[in-house]
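Protein chains in written order, with our numbering: chain X, 75 to 332; chain F, 2 to 257; chain H, 57 to 231.
The set of hints was computed from the structure by calculation and includes no laboratory data. Among the clues, some could well be false.
With beta-carbon atoms standing in for the labels, derived distance ranges [stated by the list, open to error]:
{"hint": "1", "chain 1": "X", "residue 1": "171", "chain 2": "F", "residue 2": "79", "range": "15 to 23 angstroms"}
{"hint": "2", "chain 1": "X", "residue 1": "154", "chain 2": "F", "residue 2": "222", "range": "54 to 62 angstroms"}
{"hint": "3", "chain 1": "X", "residue 1": "171", "chain 2": "F", "residue 2": "5", "range": "23 to 31 angstroms"}
Cβ atoms here follow ideal geometry from the backbone N, Cα and C, with glycine treated the same way.
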Amino acid sequence: MPRVVSAAEIAPTTYPFEIHARGLKVRAGRRMAVDGVDLSLTTGVHGLLGPNGAGKTTLIRALATVLRPAGGELDLLGGASQRDVRRRLGYLPQDFGFYRRFTVREFVEYMAWLKEMPKADIPGAVQRAIDRVDLTDRADARLKTLSGGMVRRAGIAQAIVNDPAILLLDEPTAGLDPAQRMHFRGLLRDMTDICVVVSTHLVEDVAAACTDVVLLNEGRVVFQGATEALAAAGTETDPGDSPIERGYSALLAKGAAR
Amino acid sequence: MTQHASPQLLRRYADSDPTLAADMVWALEVHLESCANCRARLATEASAVAPLVDEIWASIVPDTTPAAVHRTRRLAVWATPAMVPWLAMTALITLIALVADRLVAPPYPSLALLLAPIAPVAGVAAAWARGLDPAHELVAATPRAGLYLVLRRTLAVLVVVIPLMAVATWTSPLRWLLPCLAFTVATLALGGFVGVSRAAVGLVTGWAALVMGPSLVSQRLPSVLEPAALGAWVAVLVAGAVVVRLRATVYTRLAT
Amino acid sequence: MPDEEELVRLVARGDRAAFEQLYRRTAPWLAVRLRRRCADDQVVAEVMQETYLAVWRAAGGFAGATVNGSAVGWLWTIAARRLVDAFRRRARDTVAPLAEEPVSPAAEDEALSDVVGDEVGVALGRLAPELRQVLQAMVVDGLTVRETATLLGVPEGTVKTRARRARLAMREALS
């Protein structure tokens, strides 16, 4: 059916960065887990690396608008309202909980409803999301019958069901076997036209799929740039089995020394 | 739509004829989406795609295993699965209270009546408590999270609990209704400050210790459930509702 | 003879005969329409396979959700998005297999004037091809800006600019 194209849809994009943070501070409990982060991210797959406790999860939660920043500014999609941002956001938390008795399809449909997708679009979009994560033959199986890796794929499906402009994935490959991780990286490579932030501590995932990397340590950004630049920052003497690991250790050591 | 496409036009369209004007194609495609008749005639003209269509059917057939009949969980938009066991527990306790009232001698105040005001608290807590709702973080990050979802889930709890209580205390129907609503709202309001689980536990133990206990010991109906106290309950209800409305954003964030 | 909407409702209940009938009735139309957007028959076959399998699996949702909706329209929205997905996968390795652009129209074309008014038809015909392509993808195919960008292999900003220019040109031509 021919549809009406609204003027707003084709208006030029007024913002240069999908995610724009200046001096962002976010509290986690008593600690200031994110302590003055400057971030400007546009479309592409961005890796978020850092040791445990660096503030990665807190930062992702702040970007997902589930944590209110304690200071600084955060503009998502050019300062759109929170509701608008959430409609165009996809989020997969690290320990994502789900209703065990739901089937994959029911779970993704429920999340699609929560994301205020137009009712008529939901069944087609749900099927498409399930197909993209390769869970087609288990779409009607209950979540409690699925392995950890499949459950995580269902989580990714709910994150992409509304075709988001910003996709936030916190440790999405935890519990996936190598074949599943490769498939996941393939999925990421298809998403270069949206702003994806993948928080992980698996350096190989970053190397394979990300266009650039943000290295976080103790709540601050230690490095932001292309993956190659991260690899180039390390020398033979730094600990690590690959150029990226060596670059990672080198930059962390340098940051700590300051 | 009176005019249909001529066979020649359909043939040219089916053959991907590059000389077909773009506005013709536009008009034709829009028309075809709504006219089954022309689609059928297109099928007869589209001999070029017939082998492709047959091939694709052959490849689809093996995958059409009998589809599982899936009942869409529309119920989930009202109440989460996490709420179900708590509502069941509430129903069970109500039943026990009802039985106890029948067995125990008259001077004791009705147990069901004493329980009625706090009956919805468990269900409301289960709807929001971070520990009880496994999908808490996912739900909190969605646009629908917020006052609207809060009210839907609370309504679901009340729809279950109020009829139960009405049956259990059918001798004195209205004494407990306002207190019941007041407690519901108070749980949400207090929950916005200290967390729903703590608020629920606090309210229930407070009621049990300060009202239920003394009432059972002195074998008299508590004064707070007398009709004279209704005004106070209304005040609590209104105050609580205002607080919930003002602090609605707490339901759109991760509970700490 | 049941219409397509009725067939989809039957498919939702697992009726394979209805599914085959739905296929026979709609596949030729879908194949022709897809081939006009994609020069690679293999991609068309893939997309159609995925589309009809998705229909088999998700028919229950359609039957429940849209009462007045057209089944064929729904079928197209699934197919169009699968086409975009296929292009996205291919764009990684090769150039997207777009169909050829129509050359200048032959003189003896009849008008289908009831659907597109004469003036609009003429205005559309005069639009530069790249502008009309964008408009067609968004209006006729129902794609979003991002999907149109993937289908045509141009950046999102370009899609928006062309859509605005097309709109402007149409408005000028019709005033």
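Hint check results:
1. 171(X) x 79(F): 15 to 23 angstroms: 19 angstroms, holds
2. 154(X) x 222(F): 54 to 62 angstroms: 55 angstroms, holds
3. 171(X) x 5(F): 23 to 31 angstroms: 56 angstroms, violated
When each numbered hint is compared with the structure, a violation occurs for hint 3 only.
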